[in-house]
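Here are the chains, one letter per residue:
2 protein chains.
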Amino acid sequence: MKNCVIASTSTIHGSQPLTYLFDTLEELYKECNEILFIPYARPGGISHDEYTIGINNIFKKIGKKTLSVHMFEDTKASVKNAEGIYTGGGNTFLLVDQLYRHSLIPTLKEAIDNGTPYLGTSAGSNICGLTMQTTNDMPIVHPQSLTTLGIVPFNINPHYLDPDPKSTHKGETRETRIKEFHNLNSPPVIGLREGSWLRLKEDDILLEGNLNARIFIKNKEPYEISPNTSLKDLN
Amino acid sequence: MKNCVIASTSTIHGSQPLTYLFDTLEELYKECNEILFIPYARPGGISHDEYTIGINNIFKKIGKKTLSVHMFEDTKASVKNAEGIYTGGGNTFLLVDQLYRHSLIPTLKEAIDNGTPYLGTSAGSNICGLTMQTTNDMPIVHPQSLTTLGIVPFNINPHYLDPDPKSTHKGETRETRIKEFHNLNSPPVIGLREGSWLRLKEDDILLEGNLNARIFIKNKEPYEISPNTSLKDLN
Numbered sequence: 001m002k003n004c005v006i007a008s009t010s011t012i013h014g015s016q017p018l019t020y021l022f023d024t025l026e027e028l029y030k031e032c033n034e035i036l037f038i039p040y041a042r043p044g045g046i047s048h049d050e051y052t053i054g055i056n057n058i059f060k061k062i063g064k065k066t067l068s069v070h071m072f073e074d075t076k077a078s079v080k081n082a083e084g085i086y087t088g089g090g091n092t093f094l095l096v097d098q099l100y101r102h103s104l105i106p107t108l109k110e111a112i113d114n115g116t117p118y119l120g121t122s123a124g125s126n127i128c129g130l131t132m133q134t135t136n137d138m139p140i141v142h143p144q145s146l147t148t149l150g151i152v153p154f155n156i157n158p159h160y161l162d163p164d165p166k167s168t169h170k171g172e173t174r175e176t177r178i179k180e181f182h183n184l185n186s187p188p189v190i191g192l193r194e195g196s197w198l199r200l201k202e203d204d205i206l207l208e209g210n211l212n213a214r215i216f217i218k219n220k221e222p223y224e225i226s227p228n229t230s231l232k233d234l235n
Numbered sequence: 001m002k003n004c005v006i007a008s009t010s011t012i013h014g015s016q017p018l019t020y021l022f023d024t025l026e027e028l029y030k031e032c033n034e035i036l037f038i039p040y041a042r043p044g045g046i047s048h049d050e051y052t053i054g055i056n057n058i059f060k061k062i063g064k065k066t067l068s069v070h071m072f073e074d075t076k077a078s079v080k081n082a083e084g085i086y087t088g089g090g091n092t093f094l095l096v097d098q099l100y101r102h103s104l105i106p107t108l109k110e111a112i113d114n115g116t117p118y119l120g121t122s123a124g125s126n127i128c129g130l131t132m133q134t135t136n137d138m139p140i141v142h143p144q145s146l147t148t149l150g151i152v153p154f155n156i157n158p159h160y161l162d163p164d165p166k167s168t169h170k171g172e173t174r175e176t177r178i179k180e181f182h183n184l185n186s187p188p189v190i191g192l193r194e195g196s197w198l199r200l201k202e203d204d205i206l207l208e209g210n211l212n213a214r215i216f217i218k219n220k221e222p223y224e225i226s227p228n229t230s231l232k233d234l235n
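Respectively, the protein sequence lines represent chains B and Y. Here the first sequence is numbered in the working numbering, starting from 1 and rising by one per residue. Here the second sequence is numbered in the working numbering, starting from 1 and rising by one per residue.
Just chain B, same shape as in the assembly:
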């Protein structure tokens, strides 16, 4: 039975990373002392060590210790044995490339499917969809495949942004990009606004947070759903 928090973003405007999720995380991780962190999305700027120290300092506030997958020689075993897992944000292409290079895709999927509590933010949420094809990131590396964990039976667009009616920019809006995805692909897509998350537990998938989310289904008009809507039949 899956037990996950799949969040649009780690950080919302005007607040420290993850603080808006602390209550949710205390419940998600209530049986965990130690969280395994997956820092692979981070494209540089800070090292995996520094990224992990930052996350450790945040998780300390809810009484959890953090270890990172990059510290283990046997990365598969570290995922298999984890009490709880958190995959942070950065660049989704890089995250997926690293997961494939470490042969971690099936191991991570199995751990989550078996009920290991899992938090994803941004890129770490994107990989919970069927594919990473609705990412907003630049292809700074070329992963062997775009297929991801399929923890939910649809695709995720994190950091979902509504079109700005005043914009004079002619680049595609987020909605246009998702429509392009649907011209060639079938999975439904959820546009998760910053401050929203999906809560997977007891075989349900609920939209949580205070905001609506936007649902995109191939050949249909997009529509809004409100918090506490179940998405378990969206496929």
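The set of hints was computed from the structure by calculation and includes no laboratory data. Treat the hints with care, as some may be off.
In this list, chains with the same sequence are indistinguishable; a pair is considered to hold if it fits within one copy or across any two.
In silico SDA-like pairs for lysine to any residue, Cα to Cα no more than 25 Å straight-line [what the hints assert, rightly or not]:
no.: 1; residue 1: K232; residue 2: H102
no.: 2; residue 1: K170; residue 2: H48
no.: 3; residue 1: K170; residue 2: T24
no.: 4; residue 1: K170; residue 2: I215
no.: 5; residue 1: K166; residue 2: Y20
no.: 6; residue 1: K218; residue 2: L161
no.: 7; residue 1: K2; residue 2: E50
no.: 8; residue 1: K166; residue 2: R214
no.: 9; residue 1: K179; residue 2: G54
no.: 10; residue 1: K218; residue 2: Y51
Please read these numbers as outputs of a predicted model, since none were measured by experiment.
Fit chain Y to the given chain B structure using the hints.
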């Protein structure tokens, strides 16, 4: 000797497609009666036939006829024999995937290197860089490679957008994304604002249009360049 117009966008706010470039195109295509159109970036919505009819109607205004590569059985020969070429916008992943599937990457590069007049807009410009890794598009397909034509010795970010200082959105800015690219890759990147284009002729590469462009070099602070700056030594 290359003869190219590599434009950020086909359309600028408040005007019809390509009209802002008509003077430039009359000069680019002055020896051409017929332009070969490459519609492969178009992810649907309209068919390749409809897309081509639209482009034909635009090019008629400057006295040119348009044929599209998708109308030819021998696509390579159509590119080789073209008097002039235009690759339109859409989704860069799809464009690159289609160019690889039709084995057109080397043929197109050779034609442009040999002086066939070439116009690219948006995705059609992105492919003139060394790789398509600084695209803004979603990976709606998974091309076999991200390596593109290398008509210029750097990468291109079309539809370049400056960060909005008032934004409360926590997704990466365009500048942050290009910085992520440079954490893992070396080529310089030009952020081409809508209304700007690169003019390649007589062995030079000039920024044209009324706007500055933004140059990103690995491990350096980004900087602005003004119109008529030469970029032939940016590599």
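Violating hint indices (sorted, rising):
1 and 7
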